[in-house]
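Trainee: Here's the letter readout for the chains.
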Amino acid sequence: MLADVKIPEGYVRVFKRPDSMSDAPYTYCPGCHHGVIGRLVAEAIDELGIRGRTVGIAPVGCAVFLYRFYRCDFIQAAHGRACAVATGLKRANPDLIVFTYQGDGDLAAIGTAETVHAANRGENITAIFVNNAVYGMTGGEMAPTTLPGQRTVTTPEGRDVRTTGYPFKISEMLAQLDGPAYITRQAVYDVRHVQMARKAIRKAFRNQLEGKGFSMVEVVAACPTNLKVSPVHGNKWVTEQALRYFPLGDLKVRDP
Amino acid sequence: MRGNEAIAEAAIRAGCKCYFCYPITPQGELVEYMARHLPRRGGVFLQAESEVAAINMVYGASAAGVRTMTSSSSPGISLKMEGISYLAGSRLPAVIVNVMRGGPGLGNIAPAQGDYFQATKGGGHGDYHLIVLAPSTVQEAAELVMLAFALSDRYRVPAMILADGMLGQMMEPVELPEPVDEGAIPEKPWALTGAEGREPRVVLSFDLDPQGLKEMNLVLQATYREIEAHEVRWEEVDTADAEILLVAYGTMGRIAKTVVRLARAEGIRAGLLRPISLWPFPYEPIRALAERIPVVLTVELSAGQMWEDVRLAVEGRAATPFYGELGGVVPTPKEILSEVKKHAR
Ligand SMILES: Cc1ncc(C[n+]2csc(CCOP(=O)(O)OP(=O)(O)O)c2C)c(N)n1
Ligand code: SF4
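Here the protein sequences come in this chain order: X and C. Quick note on numbering: the first sequence equals residues 1 to 256 in our numbering. Quick note on numbering: the second sequence equals residues 1 to 345 in our numbering.
Calculated directly from the structure, the hints in this document are not laboratory data. Please note that the accuracy of each hint is not assured.
Claimed, not checked - Example chain C residues on the side facing chain X (calculated, C-beta under 8 Å, incomplete): (1) C18; (2) F20; (3) V44; (4) S50; (5) V58; (6) Y59; (7) V66; (8) Y86; (9) P200; (10) S205; (11) F206; (12) D207; (13) D209.
Cβ coordinates follow ideal geometry from the N, Cα and C atoms, glycine included.
Please construct the entire structure, taking both the sequences and the accompanying hints into account.
Mentor: Given below as structure tokens:
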């Protein structure tokens with residue numbers, strides 16, 4: 001554990017765990033982008049000094065254990081319902097800073113209605129949307145965001161858009177609505193993009209502090225385990241395949 | 001006051017701070033009343049995009065530590081079952097009102113009691129129970145709403161008010177209960193309020209380790225045994241010398257009261273046991289009466305859902321005939337009386 005490493009005399013620790021993260025080891029696979037994104041969320045909570053009033057909502061999916069990784073209050077929601085649970089929490093206690101953290105299966109399939117309507121109501125919450133184009137936890141089935149031609153365990157010949165539709169562009173969809181304050185798509189496959197995603201996540205939380213309304217950061221991510229590639233190839237898959245369908249950038253910014 | 005409005009007003013007086021709904025007949029007046037009154041009295045009213053969303057908003061609001069409610073009617077309650085199972089699994093209090101209508105499927109909007117199984121035997125997945133209270137007058141509806149909030153908080157078990165279209169639409173004079181003193185509502189040491197100055201809290205309904213989940217389930221089961229020991233409620237009418245006992249709840253319980261009177265006028269010594277808590281069910285009181293009353297007639301607006309519990313209670317001590325109506329048809333007292341005559345010797 002990082003905290004246990006002895007620092008030789010004369011040296012200073014410059015890299016440490018964010019205060020709002022616990023010591024619990026991650027349960028993600030090697031090379032999974034969930035790990036990086038989870039840390040960026042913790043850094044945003046630290047920088048804004050909101051740990052003591054934040055409630056996180058863990059999804060169903062590989063991030064289901066999210067509550068173990070943070071030192072703030074947490075609730076685990078039914079598959080897809082995080083934005084509705086967030087609505088209830090925030091309406092009951094508007095002083096709380098409420099964020100959801102959801103995969104594409106969670107947010108863009110079973111929970112599409114809850115997401116779209118929370119966004120359209122302009123709920124003053126922050127949604128982190130990890131789009132890895134696959135259902136990770138259940139073994140790599142097709143997600144609504146699976147790329148055309150992409151092989152998954154339920155599209156063994158590759159996704160055929162004639163029978164299964166096209167990759168769902170949730171961010172583009174939400175950006176059409178009047179409700180949301182901030183909709184952006186980011187990635188974490190290299191340092192530059194990690195820094196950009198970091199800024200976006202901080203902005204999404206700051207919006208909530210300022211009462212601006214619904215903010216969502218989509219992060220195009222890799223699931224090397226279900227892509228059946230190495231972590232390095234996972235990053236390559238993001239740049240060479242996923243970003244063709246999911247171009248990065250801000251899709252909606254109210255009062256930039 | 002109309003039944004639906006009395007339920008709404010009682011909920012506000014019980015300290016309900018957040019109400020989430022999706023419209024459905026025959027509980028529309030409840031929604032409208034909340035929309036008009038709750039925000040003005042410091043609460044949150046929100047019309048959700050679906051019953052699924054509404055119950056999950058209840059889930060969030062309850063986790064935040066406030067008294068919260070949702071209401072619906074049969075098809076909507078089916079949609080809420082996922083969230084209700086989560087509330088039960090996470091030990092979050094909440095009040096759910098079901099103003100039942102005819103079913104299955106879309107059914108109709110007439111009064112029926114076909115959701116008894118769903119309310120008392122689970123409905124959603126997993127081993128859980130709701131506290132289920134069944135009023136038979138508008139006055140009682142108001143009182144049971146207050147009780148439902150109190151019991152739900154005390155045991156951390158969601159509570160359901162099981163009414164029907166007749167009660168929801170009926171107008172009767174009500175003496176409204178006094179508003180609860182909000183300072184007197186016990187603290188919720190599990191509520192999510194932000195971890196400032198304390199250890200973080202989590203609200204969970206799962207444990208991937210079977211042993212851990214078993215422990216969680218054992219806590220639930222111990223709570224259910226405690227509720228069974230302390231919260232069984234029922235009403236008895238003319239049971240002391242009865243030769244035939246009617247068992248009926250809600251709207252049917254009310255009609256059965258008239259039947260008892262009519263029967264007695266004709267010299268038949270009929271009595272009534274009206275379960276008020278459907279879970280926990282009054283097994284013991286029914287069993288005790290069946291020791292000395294030879295006929296226990298269940299009357300219900302269903303194909304015999306509560307009848308199963310009555311027979312479990314009687315366990316062969318008495319004859320257990322059944323009379324039910326289906327699809328929203330409500331029998332007249334006279335029709336039930338002729339049934340009583342058939343069975344009373
Ligand atoms: C109601 C319901 N349906 C299905 C499941 C099974 N399930 C668990 S995780 C999951 C997919 C999650 O995928 P995603 O949200 O993309 O997250 P990832 O695991 O890829 O991070 C599914 C379908 C469930 N838990 N609940
Ligand atoms: S299965 Fe995929 S999404 Fe889940 S932890 Fe592993 S790499 Fe990450």
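Trainee: Now look at each hint and say whether the structure bears it out.
Mentor: How the hints compare with the structure:
1. C18: holds (5 Å)
2. F20: Result: holds, 7 Å to nearest chain X Cβ.
3. V44: holds (5 Å)
4. S50: holds (6 Å)
5. V58: Holds, about 6 Å.
6. Y59: Holds: closest Cβ of chain X sits about 5 Å from Y59 of chain C, inside 8 Å.
7. V66: Status holds, d = 5 Å.
8. Y86: With a minimum Cβ separation of about 5 Å from chain X (threshold 8 Å), the hint on Y86 of chain C holds.
9. P200: holds (5 Å)
10. S205: holds (7 Å)
11. F206: holds (7 Å)
12. D207: violated (11 Å)
13. D209: Hint violated; D209 of chain C Cβ to chain X Cβ min 12 Å, cut 8 Å.
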